[in-house]
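Number of protein chains: 2
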Amino acid sequence: MSISIETFFLDPSAVGTLQARIQQMVAQGILAGRFRPGERLPSSRMMAQHLGVSRITVTLAYTELVADDYLTARGRSGYYVSDNAPEPPAFAMQQTQTGTVDWTRAIGQRFTPALSIEKPTDWANYRYPFIYGQADRTLFDTANWRLCALRALGMRDFGALTADYYDGDDPELVDFISRQTLPRRGILANPDEILITMGAQNALWLSAQVLLNSRRRAAIEDPCYPAMRNILMQSRCQLSIVPVDQDGLPPDALSDDIDVLFSTPSHQCPTAATMPLDRRKALIAKGEAQDFIIVEDDYEFEMSFLKPPSPSLKSLDPHGRVIYVGSFSKSLFPGLRLGYLVGPAPFIKEARALRATVLRHPPGHIQRTVSYYLSLGHYDALIRRMSRAYHDRRQVLDAALQDSGLVVAGQGQSGGSSVWVRTPDGTDTTPLAQSLRAKGVLVEPGARFFAGDAPPTEYMRLAYSSIPASRITEGVRLIAAALTKNAA
Amino acid sequence: MSISIETFFLDPSAVGTLQARIQQMVAQGILAGRFRPGERLPSSRMMAQHLGVSRITVTLAYTELVADDYLTARGRSGYYVSDNAPEPPAFAMQQTQTGTVDWTRAIGQRFTPALSIEKPTDWANYRYPFIYGQADRTLFDTANWRLCALRALGMRDFGALTADYYDGDDPELVDFISRQTLPRRGILANPDEILITMGAQNALWLSAQVLLNSRRRAAIEDPCYPAMRNILMQSRCQLSIVPVDQDGLPPDALSDDIDVLFSTPSHQCPTAATMPLDRRKALIAKGEAQDFIIVEDDYEFEMSFLKPPSPSLKSLDPHGRVIYVGSFSKSLFPGLRLGYLVGPAPFIKEARALRATVLRHPPGHIQRTVSYYLSLGHYDALIRRMSRAYHDRRQVLDAALQDSGLVVAGQGQSGGSSVWVRTPDGTDTTPLAQSLRAKGVLVEPGARFFAGDAPPTEYMRLAYSSIPASRITEGVRLIAAALTKNAA
Numbered sequence: 001m002s003i004s005i006e007t008f009f010l011d012p013s014a015v016g017t018l019q020a021r022i023q024q025m026v027a028q029g030i031l032a033g034r035f036r037p038g039e040r041l042p043s044s045r046m047m048a049q050h051l052g053v054s055r056i057t058v059t060l061a062y063t064e065l066v067a068d069d070y071l072t073a074r075g076r077s078g079y080y081v082s083d084n085a086p087e088p089p090a091f092a093m094q095q096t097q098t099g100t101v102d103w104t105r106a107i108g109q110r111f112t113p114a115l116s117i118e119k120p121t122d123w124a125n126y127r128y129p130f131i132y133g134q135a136d137r138t139l140f141d142t143a144n145w146r147l148c149a150l151r152a153l154g155m156r157d158f159g160a161l162t163a164d165y166y167d168g169d170d171p172e173l174v175d176f177i178s179r180q181t182l183p184r185r186g187i188l189a190n191p192d193e194i195l196i197t198m199g200a201q202n203a204l205w206l207s208a209q210v211l212l213n214s215r216r217r218a219a220i221e222d223p224c225y226p227a228m229r230n231i232l233m234q235s236r237c238q239l240s241i242v243p244v245d246q247d248g249l250p251p252d253a254l255s256d257d258i259d260v261l262f263s264t265p266s267h268q269c270p271t272a273a274t275m276p277l278d279r280r281k282a283l284i285a286k287g288e289a290q291d292f293i294i295v296e297d298d299y300e301f302e303m304s305f306l307k308p309p310s311p312s313l314k315s316l317d318p319h320g321r322v323i324y325v326g327s328f329s330k331s332l333f334p335g336l337r338l339g340y341l342v343g344p345a346p347f348i349k350e351a352r353a354l355r356a357t358v359l360r361h362p363p364g365h366i367q368r369t370v371s372y373y374l375s376l377g378h379y380d381a382l383i384r385r386m387s388r389a390y391h392d393r394r395q396v397l398d399a400a401l402q403d404s405g406l407v408v409a410g411q412g413q414s415g416g417s418s419v420w421v422r423t424p425d426g427t428d429t430t431p432l433a434q435s436l437r438a439k440g441v442l443v444e445p446g447a448r449f450f451a452g453d454a455p456p457t458e459y460m461r462l463a464y465s466s467i468p469a470s471r472i473t474e475g476v477r478l479i480a481a482a483l484t485k486n487a488a
Numbered sequence: 001m002s003i004s005i006e007t008f009f010l011d012p013s014a015v016g017t018l019q020a021r022i023q024q025m026v027a028q029g030i031l032a033g034r035f036r037p038g039e040r041l042p043s044s045r046m047m048a049q050h051l052g053v054s055r056i057t058v059t060l061a062y063t064e065l066v067a068d069d070y071l072t073a074r075g076r077s078g079y080y081v082s083d084n085a086p087e088p089p090a091f092a093m094q095q096t097q098t099g100t101v102d103w104t105r106a107i108g109q110r111f112t113p114a115l116s117i118e119k120p121t122d123w124a125n126y127r128y129p130f131i132y133g134q135a136d137r138t139l140f141d142t143a144n145w146r147l148c149a150l151r152a153l154g155m156r157d158f159g160a161l162t163a164d165y166y167d168g169d170d171p172e173l174v175d176f177i178s179r180q181t182l183p184r185r186g187i188l189a190n191p192d193e194i195l196i197t198m199g200a201q202n203a204l205w206l207s208a209q210v211l212l213n214s215r216r217r218a219a220i221e222d223p224c225y226p227a228m229r230n231i232l233m234q235s236r237c238q239l240s241i242v243p244v245d246q247d248g249l250p251p252d253a254l255s256d257d258i259d260v261l262f263s264t265p266s267h268q269c270p271t272a273a274t275m276p277l278d279r280r281k282a283l284i285a286k287g288e289a290q291d292f293i294i295v296e297d298d299y300e301f302e303m304s305f306l307k308p309p310s311p312s313l314k315s316l317d318p319h320g321r322v323i324y325v326g327s328f329s330k331s332l333f334p335g336l337r338l339g340y341l342v343g344p345a346p347f348i349k350e351a352r353a354l355r356a357t358v359l360r361h362p363p364g365h366i367q368r369t370v371s372y373y374l375s376l377g378h379y380d381a382l383i384r385r386m387s388r389a390y391h392d393r394r395q396v397l398d399a400a401l402q403d404s405g406l407v408v409a410g411q412g413q414s415g416g417s418s419v420w421v422r423t424p425d426g427t428d429t430t431p432l433a434q435s436l437r438a439k440g441v442l443v444e445p446g447a448r449f450f451a452g453d454a455p456p457t458e459y460m461r462l463a464y465s466s467i468p469a470s471r472i473t474e475g476v477r478l479i480a481a482a483l484t485k486n487a488a
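Quick mapping for you: the protein sequence lines, in order, are chains A and B.
Our numbering applies: residue 1 is where the first sequence begins, and numbers increase by one.
Our numbering applies: residue 1 is where the second sequence begins, and numbers increase by one.
By construction, these hints were calculated from the structure, which means they are not laboratory data.
There's no promise every hint is true.
Listed next, the stretches of chain A that the computed footprint assigns to chain B, with coverage defined by at least 3 CB atoms under 8 Å from CB atoms of chain B [claimed, not checked]: (1) 139-153; (2) 207-213; (3) 358-367.
Quantities reported herein were computed from a predicted structural model and do not represent experimental measurements.
Glycine residues also receive a C-beta, built at the ideal position from the N, C-alpha and C atoms.
Modelling step: build the complete structure from the supplied sequences, incorporating the hints.
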């Protein structure tokens, strides 16, 4: 690679001869790790012209740098960073700007900690990855995805790829979701009742901003998706924490002063519990009686391989008080960052205005690619393939867990991609997960899903979305063995 | 296309015979425009199995629908929505949920109006599009972009494509920006001082959230990028509006109580003015003396075809009080939604935590595609091609404006992609733009860039980023003619 000429400029306030300053500029780039061995420098002629100095000045500087082994000259082809050039320090570059600002004071609002990241990004290198929410390359249909992405890169779609949609969405994607995706969940919605979002996370965040303020009260499930709790804590609303049971959120446990409820009825996160139909109806009736809004995160409804999914809350709601959140993160892949929000037009209008201020719109190419992938039928085929694989894995996992003596504390009635496991009293799954990791087993400790300072420590989530069926039994055996050793 | 079987489900609470309910379900789908002529229905066998009813019930329902011309039967190949099926109403589907919620009350925070969209999305169909900020398909290097996108879709990059990065970014893109892009602006930054954002809009929004609160005061330029003003108004901070002159923001005009200044020194938006070096230094000295933070939106610095760009504020800042915002929206295309934020680690840490809560991270595929496009040198080649074209267009525009009698009120010293034009006193460019549009000329009225209820009406922005050089002279002539007619 050539080093771009624009990288070089002479600081007008610097001291020293021109030659020395050029030498310094190059040497500092190498020492800072910006220019790497083998990379080619601009020719002395171009550099001289660019800096507005004489060519001989540059040549002298380069010659000095060759003598110091920062550079090598290769005949007529020019100057390159030497393979023996001094190496940049292995530690980070020195703080370039110590500065005069007191950042503790300059920061007007704090948002840390946000997501606590306990999942290794190199999970694919582990033999027993009971990891949740990452794409499985053995199942994903890369070939058709590539074809759709390529089609969306064509000149016919140049507008959809490049355009600034301002506050709008790809009309083709919205049309498909309206006509084909939502009806499967019993939902009829016009385009002005749909907003494309940067994944379910963004949809939930937008909902919280629009519906809540510091005088309003939100209810969330406990345990729950930690990023959801973060959203509400950052929104500075009042918060009611509602413990779930094996059927998800119990409507009777809701206090009468809540304004908005956030719920995951398809697969409660993280217990995977599916809310039964009568409870869904009771929840909607309670919403109507107490006049609160329900935000339904319907993630993973597609993963219904044991029996058909329960009707969505929104499809059961005659009062128009359910806001619906859908996502492609679990069914396609999380790096896509695409989801959608469905609700009445006045609500969507506010969410759209906020999204426009925060980020304008999700990238056009991604929206159009998904639109093709859906409308050409690849999505349905993928879901079927994933469902078959998950079905097999779930059977193996259920059997292995039964043999292991581990207690299944929650599982999806219709499917899902994980089970919620309870280990013996007194176990702390956080250090347990650490020691299992050394054996190639990745499990997710449950504590981070709970609210409060003293969360239960004996739960963990075991996902089967990324582990082959053939490794599940041995993986569970290793977990059980670690628990036995723990108890001994 | 086949209609997916999951679209169909029997509502347990519905009334009527099974056959009638099936007929109704299909007919409603057609009437609502969800099933369209020529689309194929699931076979009677599959439908019967899916709904848990007898096959004869489905067959009878289909036969009735054929008799009513909703469907046609094509021999052995099945049932299709008839070409003569009743058409859905041309107006939108009926509001499905009139509902019991008072949304005026249920909405806890309002964000409308956000961006006011005055630019037609079909701008490419106009003959004289002096439109700002959209990609020019005659200049963009689609072939290499496709190659990079395709490479980023390969199995080697499966992780980068699909992974949930949680609060992280693509390390390859961050590395390139740190080593190659920022040094060209005289900026050295470690990876923990860089955050990838959803365009400059998102970078500015994150900065405002982290740096401001209701007790702090922000200063912005007047006129300014309207979305920037929206960001600050939504943040509920206190606001100082500072009029710019032909050299951009005058440091002397800043009051002594501001906490954060948002500025566009490379090309002031919308006047295109370039801030001279001495003013840049004075601004930084003032920031140090009064202890305020400067957020520098360095958009379009790449478009420096008349002379090299002025040094960025951040490169001149020894105090570490400049936050830098970069964007690929103007140099690549706005639908990409990719930019970056550079600042001290404690600031970036908070911005990263907020971004994680709002949307997690920009999509992996887009980050990796840009990373390839940059590192393979295509980006530099594109900038050179764009610069040559813009250079030519600018010369033609300058000459045409001189002949037209229009007053150039602002233009970039080093380049840019637009000029700021003042029409005669008393002109209102908003209706002028409307009438020009009918003649195929798109110009951008200036009023929306100004703060306050009574903005000046005689300005407009003429961009040359999307109009061929060959049409500029005639376009300017049409504008001048409309003004003459206006005055008459």
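Exercise. If you look at each residue in the segment 139-153 of chain A, do at least three have a Cβ nearer than 8 Å to any Cβ of chain B?
Worked result: holds (count 7)
For this session: Mind taking a look at whether chain B covers the segment 207-213 of chain A? Criterion is 3 or more residues with CB to CB distance under 8 Å.
Result: It holds: at least three residues are needed, and the segment 207-213 of chain A offers 5 whose Cβ sits within less than 8 Å of chain B.
For this session: Establish whether the coverage given for the segment 358-367 of chain A by chain B is satisfied; the threshold is a Cβ-Cβ distance below 8 Å, and no fewer than three residues must meet it.
Result: holds (count 9)
Consistency with the previously given hints is maintained throughout, with no hint failing.
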